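**Q** These protein sequence lines are chains A and B, in that order.
Just so it is clear: in the first sequence, position 25 is 25 by my numbering, and no numbers are missing.
Just so it is clear: in the second sequence, position 334 is 334 by my numbering, and no numbers are missing.
Simulated from the structure, these hints should not be mistaken for laboratory data.
Quantities reported herein were computed from a predicted structural model and do not represent experimental measurements.
Don't take each hint at face value.
Pairs count within a copy or across copies, as identical chains cannot be separated in the list.
Unchecked claim - Distance condition first, Cα-Cα at most 35 Å in a straight line; then the derived DSBU-like pairs of lysine-lysine:
hint : residue 1 : residue 2
1    : K148      : K255
2    : K338      : K362
3    : K255      : K338
4    : K338      : K309
5    : K191      : K378
6    : K148      : K109
7    : K8        : K109
8    : K377      : K64
9    : K148      : K377
10   : K194      : K309
11   : K377      : K255
12   : K223      : K362
13   : K388      : K255
14   : K148      : K194
15   : K255      : K333
There are 2 protein chains.
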Amino acid sequence: MVGFITPKVLKGFRDFLPAEEIRRRSLVEELETVFRSFGFLPIDSPALEYTEILLGKGGGETEKQMYRFNDNGGRDVSLRFDLTVPFARFVAEHQAELCFPFKRYHIAKVWRGENTQKGRYREFTQCDFDTIGVDSAGADFEILLMIKNALLSCGVGNISISVNHRGLFNRFLKKINADEKLVEILRAVDKISKIGNSEVFNILSASVGSDKAQAVLDFISFKGDWDSTLRMMQDAAGGANPDSERLTRIYEFIKDSGSEGVFQIDPSITRGLDYYTGIVFETFLNELPSIGSVCSGGRYDNLLALYSKNSLSGVGASVGLDRLIAALETLGKNGGQKTYSLCAIACVDEALCGKYQVFAEKLRSAGIPCEVFDEAKKLSAQFILAEKRAVPWVIIPSTEEAGSFTLRNIGTRTNLDKLSLEDIIRTIGNTLIKN
Amino acid sequence: MVGFITPKVLKGFRDFLPAEEIRRRSLVEELETVFRSFGFLPIDSPALEYTEILLGKGGGETEKQMYRFNDNGGRDVSLRFDLTVPFARFVAEHQAELCFPFKRYHIAKVWRGENTQKGRYREFTQCDFDTIGVDSAGADFEILLMIKNALLSCGVGNISISVNHRGLFNRFLKKINADEKLVEILRAVDKISKIGNSEVFNILSASVGSDKAQAVLDFISFKGDWDSTLRMMQDAAGGANPDSERLTRIYEFIKDSGSEGVFQIDPSITRGLDYYTGIVFETFLNELPSIGSVCSGGRYDNLLALYSKNSLSGVGASVGLDRLIAALETLGKNGGQKTYSLCAIACVDEALCGKYQVFAEKLRSAGIPCEVFDEAKKLSAQFILAEKRAVPWVIIPSTEEAGSFTLRNIGTRTNLDKLSLEDIIRTIGNTLIKN
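Only chain A is shown next, with the shape it has when bound in the complex (with noise of 0.2 Å):
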């Protein structure tokens, strides 16, 4: 061999080292915790799909993104880039099998070649969840309640979920004869936080001309409670219609469940997408706003659109878990925890590692995650290495006296004598119920 080979990751791909790890699978432990006591099953499906399967009708920026190739069977294949087309083609290939109202979470890596600007990779991981088969209200309301709390329960903080219905939008735009211009309107409207409404005024009337975007700049701008909002965007549309009294409902379900703080209700989210067809929502921190949108959806009544002709509706939303675990760091809120070890057996006697293992096993037992350091080094290399991994405790076995343990705090550097193991299964339980 010439020479050696340099150990590196491509460009806008990561490593998690353990910590980042960590953190990582809190997250979403904690999202799935949530998604499963709403009923919401996982699934999976593969990384890798035909290429004509993820194209679907797309093309434009979504083709140039994707990681294509040939297999080793000649099939042009491509990695997944959401969760949402190859779950409609999942729902597509396995409709006899699935019980409707389909209740599903699948949270999974996806791909990307985009530009690595700062915070965007390459492969990042997605947390999807959809209620399919059913279009009411109720479901409508679920997903947003389970949006708040996946997130309350991942330490956010404060949150706000603006909410908007895009048939109501889409009456409104009918309304003022500007319905054909439909998907170059929401491309503007979607930009509006980010170029602001002189930008978006400008794009428009050279769309639909300047009444009608003084008309849409009107109806996105309208700044209300929930009631009055209903009311401007209801009679803009030209009076009462099944999108008005579907927000109307969904309003009383926030009301039901006092969660009116949370829930506003704001005419300018529109979604890019013109995919979308009823409810459409967007997540914001309050303690972070600029970071934009954490979790992200809307109804569809078409989820099946590509591979039949029967209609499946659908509601459902999107966490970006990279941009949260970003906005946490931001805000000081990194979880810190660096592994799952509570103690750990130190190594007085190489020979006795069985037996160290058996004491530990008794921790372990007792629901004490438990290491074993397995070289015999001094006690304070020990203690060094114990707090450089982050263990609270190590428990010393007695060289003299068989069943008897001294217990070291590693933060107070304090230690406990002529224990039992019993005893130190308490002291280190008692400690687990305090905090």
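Here the structure of chain A is known, so what remains is to put chain B in place on it, guided by the hints.
**A** Using the frame of chain A, we list chain B on its own:
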């Protein structure tokens, strides 16, 4: 659009429907709980790496099976085919940030474009765990004990872990002057359970002659208890040496922990790879030995060989999750859990879905996962839905008396009337404690 796309996954790839995914997750969670209880920490690394990194010195079979392509930036990249090579790269890259001995686990998907025979997939999950940076009997034994605990926690029933020492085998080969053919001999010996003694003898004879072939066969076929087997191997290797001492000490630890019933010494276990240098082991299910080893591994002394002159010793193993699941299914131990929900709130009036969510939240806060049905179908239809979804209890809010509920046991088809939510939490909670 001309027609619809046929929804299908690639050959060798799989979707996981909820019941399957719940099963997979419950096993992964069992494994993780054990890994964490030993102080092992999670890491993660990219699915995609530079091909140069993954290929290393390799080539051959591995290279043919890799999903390899040029990314949009013209880089030669591949999907990882195992977690071992990326781990070596990870450690080489982050050496300065890690705390040694470093104990990590990594549970993730890998990809191999293999021929898809029965039970072989092109995308599958590996669960790897290793201790690196220490070469001791204590670390060897800890991995063995962790395998035992991890597999027992998965409910596979009785297991046998067969242990050997590759160093001892190498010494024996050197003693009989057959060590130059090490790689060929290892490959032949590794096939013994598949092709039988006489076929292995033929292969060995062709390589080292019939006398040495017979000596190798005698060595690996020896059947005895730990003491007699160790003595035979030690004699065949030319007397006591550090490797036989290591194995002797590990056996002492096994006895200390009272696990003699689980661990056997087996001179025929050598593992095919010339990568291993110390102990090697394979794990069999006593109720289904024919499925082969469900967890194998060993000690290696050269994790960083490709990246630097530094040598770093480690010991580790890998659980084949897919094989484990297949085995559990064959044994009729497939869990059978179809949902996380314990109850559902029946929908009597769709206008009350907000209130139903408030009821559900009380149950969820008490640790009882609770769905809300959001279509006001006939109660009998909602009971059928609950049965289909494997939800054991349905809670029917009274239409007459606020705060009063009927609790339907779906299994027994019996009702408890006029309960408060607190009564219901107690009743469902009690069944949890009993189980």
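**Q** If any of the earlier hints don't hold here, list their numbers in rising order.
**A** Per hint list: 5, 8 and 10 violated.
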